[in-house]
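Those protein sequence lines, which keep their order, are chains H and W.
The numbering used here numbers the first residue of the first sequence as 105 and each following residue consecutively.
The numbering used here numbers the first residue of the second sequence as 105 and each following residue consecutively.
Certain hints may be false.
FRET-style restraints, in silico, Cβ to Cβ [stated by the list, open to error]:
no., chain 1, residue 1, chain 2, residue 2, range
1, W, L155, H, R348, 23 to 31 Å
2, H, T351, W, R149, 29 to 37 Å
3, H, R214, W, E456, 48 to 56 Å
4, H, D544, W, R425, 53 to 61 Å
5, H, D544, W, A517, 41 to 49 Å
6, H, T351, W, D364, 27 to 35 Å
7, H, R348, W, R381, 32 to 40 Å
8, W, E300, H, T530, 43 to 51 Å
9, H, E549, W, V220, 33 to 41 Å
10, H, D544, W, A141, 52 to 60 Å
Honestly, the hints are just simulated from the structure, not real lab data.
Glycine is no exception: its CB is placed at the ideal position from the N, C-alpha and C atoms.
Listed below, chain by chain, are the residues.
2 protein chains.
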Amino acid sequence: MRGFILALATIAFASSASAQNAILAPPAPPPVAPITAEQQRTIDRLQAAALESDLAWQIVEDLVTEVGPRMAGSEQEARARDWAVSMLREQRFTNIRVEPFTLPYWDATREEASIVSPSQQSMVIAALGGSPATPEGGLEAEVIRFANLLELEAATPAQVRGRIVFIDERMQRMQDGSGYGAAVAKRSRCAPLAQERGAVACLIRSVGTDPHRFAHQGGASRQAAGVSLPAAALSPADADLLARSVTRGATRVRLNIEVDMRENAESGNVIAEIRGRTNPEEIVLIAAHLDSWDSGQGAIDDGAGVAIITAAARLIRDLPRRPRRTIRILLAGAEENGVHGGAAYARDHANEAHIVAAESDFGAGRIYSFRSRFSEPALPYARAFSRALAPLGVLAGDNTAGGGADISAIRQASGVPLVDLRQDGTDYFDYHHTPDDTLDKIDPEALRQNVAAWVTFLYLAADTDWDFRATE
Amino acid sequence: MRGFILALATIAFASSASAQNAILAPPAPPPVAPITAEQQRTIDRLQAAALESDLAWQIVEDLVTEVGPRMAGSEQEARARDWAVSMLREQRFTNIRVEPFTLPYWDATREEASIVSPSQQSMVIAALGGSPATPEGGLEAEVIRFANLLELEAATPAQVRGRIVFIDERMQRMQDGSGYGAAVAKRSRCAPLAQERGAVACLIRSVGTDPHRFAHQGGASRQAAGVSLPAAALSPADADLLARSVTRGATRVRLNIEVDMRENAESGNVIAEIRGRTNPEEIVLIAAHLDSWDSGQGAIDDGAGVAIITAAARLIRDLPRRPRRTIRILLAGAEENGVHGGAAYARDHANEAHIVAAESDFGAGRIYSFRSRFSEPALPYARAFSRALAPLGVLAGDNTAGGGADISAIRQASGVPLVDLRQDGTDYFDYHHTPDDTLDKIDPEALRQNVAAWVTFLYLAADTDWDFRATE
Numbered sequence: 105m106r107g108f109i110l111a112l113a114t115i116a117f118a119s120s121a122s123a124q125n126a127i128l129a130p131p132a133p134p135p136v137a138p139i140t141a142e143q144q145r146t147i148d149r150l151q152a153a154a155l156e157s158d159l160a161w162q163i164v165e166d167l168v169t170e171v172g173p174r175m176a177g178s179e180q181e182a183r184a185r186d187w188a189v190s191m192l193r194e195q196r197f198t199n200i201r202v203e204p205f206t207l208p209y210w211d212a213t214r215e216e217a218s219i220v221s222p223s224q225q226s227m228v229i230a231a232l233g234g235s236p237a238t239p240e241g242g243l244e245a246e247v248i249r250f251a252n253l254l255e256l257e258a259a260t261p262a263q264v265r266g267r268i269v270f271i272d273e274r275m276q277r278m279q280d281g282s283g284y285g286a287a288v289a290k291r292s293r294c295a296p297l298a299q300e301r302g303a304v305a306c307l308i309r310s311v312g313t314d315p316h317r318f319a320h321q322g323g324a325s326r327q328a329a330g331v332s333l334p335a336a337a338l339s340p341a342d343a344d345l346l347a348r349s350v351t352r353g354a355t356r357v358r359l360n361i362e363v364d365m366r367e368n369a370e371s372g373n374v375i376a377e378i379r380g381r382t383n384p385e386e387i388v389l390i391a392a393h394l395d396s397w398d399s400g401q402g403a404i405d406d407g408a409g410v411a412i413i414t415a416a417a418r419l420i421r422d423l424p425r426r427p428r429r430t431i432r433i434l435l436a437g438a439e440e441n442g443v444h445g446g447a448a449y450a451r452d453h454a455n456e457a458h459i460v461a462a463e464s465d466f467g468a469g470r471i472y473s474f475r476s477r478f479s480e481p482a483l484p485y486a487r488a489f490s491r492a493l494a495p496l497g498v499l500a501g502d503n504t505a506g507g508g509a510d511i512s513a514i515r516q517a518s519g520v521p522l523v524d525l526r527q528d529g530t531d532y533f534d535y536h537h538t539p540d541d542t543l544d545k546i547d548p549e550a551l552r553q554n555v556a557a558w559v560t561f562l563y564l565a566a567d568t569d570w571d572f573r574a575t576e
Numbered sequence: 105m106r107g108f109i110l111a112l113a114t115i116a117f118a119s120s121a122s123a124q125n126a127i128l129a130p131p132a133p134p135p136v137a138p139i140t141a142e143q144q145r146t147i148d149r150l151q152a153a154a155l156e157s158d159l160a161w162q163i164v165e166d167l168v169t170e171v172g173p174r175m176a177g178s179e180q181e182a183r184a185r186d187w188a189v190s191m192l193r194e195q196r197f198t199n200i201r202v203e204p205f206t207l208p209y210w211d212a213t214r215e216e217a218s219i220v221s222p223s224q225q226s227m228v229i230a231a232l233g234g235s236p237a238t239p240e241g242g243l244e245a246e247v248i249r250f251a252n253l254l255e256l257e258a259a260t261p262a263q264v265r266g267r268i269v270f271i272d273e274r275m276q277r278m279q280d281g282s283g284y285g286a287a288v289a290k291r292s293r294c295a296p297l298a299q300e301r302g303a304v305a306c307l308i309r310s311v312g313t314d315p316h317r318f319a320h321q322g323g324a325s326r327q328a329a330g331v332s333l334p335a336a337a338l339s340p341a342d343a344d345l346l347a348r349s350v351t352r353g354a355t356r357v358r359l360n361i362e363v364d365m366r367e368n369a370e371s372g373n374v375i376a377e378i379r380g381r382t383n384p385e386e387i388v389l390i391a392a393h394l395d396s397w398d399s400g401q402g403a404i405d406d407g408a409g410v411a412i413i414t415a416a417a418r419l420i421r422d423l424p425r426r427p428r429r430t431i432r433i434l435l436a437g438a439e440e441n442g443v444h445g446g447a448a449y450a451r452d453h454a455n456e457a458h459i460v461a462a463e464s465d466f467g468a469g470r471i472y473s474f475r476s477r478f479s480e481p482a483l484p485y486a487r488a489f490s491r492a493l494a495p496l497g498v499l500a501g502d503n504t505a506g507g508g509a510d511i512s513a514i515r516q517a518s519g520v521p522l523v524d525l526r527q528d529g530t531d532y533f534d535y536h537h538t539p540d541d542t543l544d545k546i547d548p549e550a551l552r553q554n555v556a557a558w559v560t561f562l563y564l565a566a567d568t569d570w571d572f573r574a575t576e
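Just chain H, with the same shape it has in the complex (with noise of 0.2 Å):
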């Protein structure tokens, strides 16, 4: 708030003085913490290792390769627990540990959606994380097409009783992926909106940004309770294809999804540590999550995030000497379906000191600005970062972060300042929870781009004492 208030006094004084001065005097530049030459030589290898290494591009290929879909709570979870132990060990990372959790277990076994008239015609769906199933044997109704939830909310239960609700609405294609948050809406909301209209199920058109006949998986655990509306993801080209026929004229559809539903399955986090050489009690947390969801192979989301991390973490531990403060990779369990693992995480940790915490989650795309969550007195830091990471081609963002699912609950409940490092999504949900989620779609350059932006993040966030946390 007291930037923004700075920020509109400098404006006043750009209008009320005369033009000319303010080009021939414009304002000091906002401090920046200092770098150390030692340190910008540090930075400087690590930078051009980083830009060598196919660490990360080995890391990610294992899991996928060894391991494969990973979904919450599941048997290849649990392998991917063991997979990620074992590759730390590998690592020479230390205080490596799983820490257990339990999670309500939800997956699809069947899956299916045709219309059965006017034409009969097979669609490719894929049901939302959490929806029950259909009655045995399917259910089979009318559908009345919305083009958004706008319209479905507007929509009277005469209109909407006895039918399967079908939301047309598209997402737009966005370099950081902000078409994510208005699109995504839908998958959570369509269900109940569906149900107290007296719908029979709801189906939606893919969030995504592709053309290719996949539909896109993704939770829709935020429903309110009591909702028990079966929900389904329409690839695109069959959305296309129903709300043609609906044009058309009445169109019915069978919908029939199977569940496998079980509280108390089993998962983790996985963590492991560079413990600090002077000041061991304060954490640098960098985070990815292990699982995935099942269709795909869970290289992009979110084998990439837990390559890039340990990659990173990787060429600080091979410092000859180890940063002041303790670095801790969290490679958390059970993300997709109600992030679990942050959750857990939070619960165990959150009187610890958490210096600075930062998330991989968003693929491999190229890193292309940085972003800070810091209190005023502690930005000249961000703007060392930001001078830092500029080599690398990042620019310089606001005070804006977020910092990502698995450390927003840490982050809620003691306050740590995060960091974005904010990749370029402009095709991550092309292949965001679809089949098409493999090795092949990450490029390996901007693979090790990304470690080389993670790397100079976490030395100057490990080896300095600067105090993110600082309120003045």
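Please arrange chain W on chain H, whose structure you already have, making use of the hints.
Chain W alone, transformed into the frame defined by chain H:
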């Protein structure tokens, strides 16, 4: 052959005589059949009308919306015939009829493959057309990878016996789709070669150029008699995965294919005509095929072809005066799994006077080149076609036209001259025989350009007395 000797003579002349002479006095251009001013005006009007028309789009949109996938010999293909008859009536053609035939029916009802050791991962496959089922419950064996068919040919039974053969050969992307010929060999040859060496099944990297998680369907129907090895195509990402896994160590795969096979399924060719004004017995034959593989919608293969030739013929139908010759539309049945419709057509119609034949079965990419397969004396007519097509950006090609699958039997039986309106197929094999063959992959503008080229060919072929079969 005569053309070849003439060309040699020209080269000899150019190099033995003075180079300057050759530049000042080039050899006379080859003769071009004249187009009258009135014909040219008609061509101009037809091209303009085609470039404005959405009829082709409407036809393919209707086909994929009202029928969808239509496997050879299936109920859905029968619906496609009904749809075609009523569509052709609506377009006011004459002599509309179905010419039935039977074929052996094949479709897969289960297509599952997974790595069971060392990792556990399911893979995306498509059983190859004609593949037998695996034994009840599936089969499981270690995989042996070959980079290409040649490597398999060089392998001994001792290496292969009891294993699943995996051919990992890639297809080259080419504008004219010519990478297909080389790549598709593995589709029919893997199973017999593998069976000879004692393998239990055959997996191939999909014949396709895309990087998406789709397996490409396709027939293996030219297998030698007695071949009974189950065979399937892997998606590119799964071929990558299997290759990585095999490189790391012994890899076992479970394969479960169930099929529905029966003799004497019904299919049929749908035929319609514009009867010739003065020479109705002379037939200009234009073909596309009605059936499709069943994982996609059959939009580019071959809904687009059906739409292009029908829309072009409709523009001819709308001329104030019917052309001299009969234009016959052949919407062939059962092309995909053995070209049964083309064979049936040749059987029934070999003795009719086919003047020229052409087929549209390569998607909806823009036409970039015209190619003939005429006798030498008829080449001036080919040059006239090229001249008339030039305003549409169509290059003059050579005299090596291939026709298309559905007209190859009538070509063989009758020697009918062929033309190819060659389409840009750079991305055709991204979608070909996959779930991704959907309406959105057709560019409406390229579709219109196709219609404009086809109507140019149709008008000139049907309203002249040019005899493309001329022998002197």
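Please test the hint of 23 to 31 Å on the beta carbon pair from L155(W) and R348(H). holds (24 Å)
If I claimed the Cβ atoms of D544(H) and A517(W) lie 41 to 49 Å apart, would that claim hold in this structure? holds (46 Å)
Supplied distance hint 43 to 51 Å, evaluated on CB atoms of E300(W) and T530(H): holds (49 Å)
Is it true that T351(H) and D364(W) lie within 27 to 35 Å of each other by Cβ? holds (34 Å)
Within 32 to 40 Å or not, the Cβ separation of R348(H) and R381(W)? Holds: the Cβ-Cβ distance is about 39 Å, inside 32 to 40 Å.
Quick check: does the Cβ-Cβ distance between D544(H) and R425(W) fall within 53 to 61 Å? The hinted range 53 to 61 Å holds for D544(H) and R425(W), with Cβ atoms some 57 Å apart.
Quick one: are T351(H) and R149(W) within 29 to 37 Å, going by C-beta? Because 33 Å falls inside the window, the suggested range holds.
In this structure, is the beta-carbon distance linking R214(H) and E456(W) contained in 48 to 56 Å? holds (52 Å)
Could you say whether the range 33 to 41 Å given as a hint is met by the Cβ separation of E549(H) and V220(W)? Check passed, 34 Å falls within 33 to 41 Å.
52 to 60 Å as the expected CB spacing between A141(W) and D544(H), which holds or is violated: The hinted range 52 to 60 Å holds for D544(H) and A141(W), with Cβ atoms some 57 Å apart.
No hint from the list above goes unmet by this structure.
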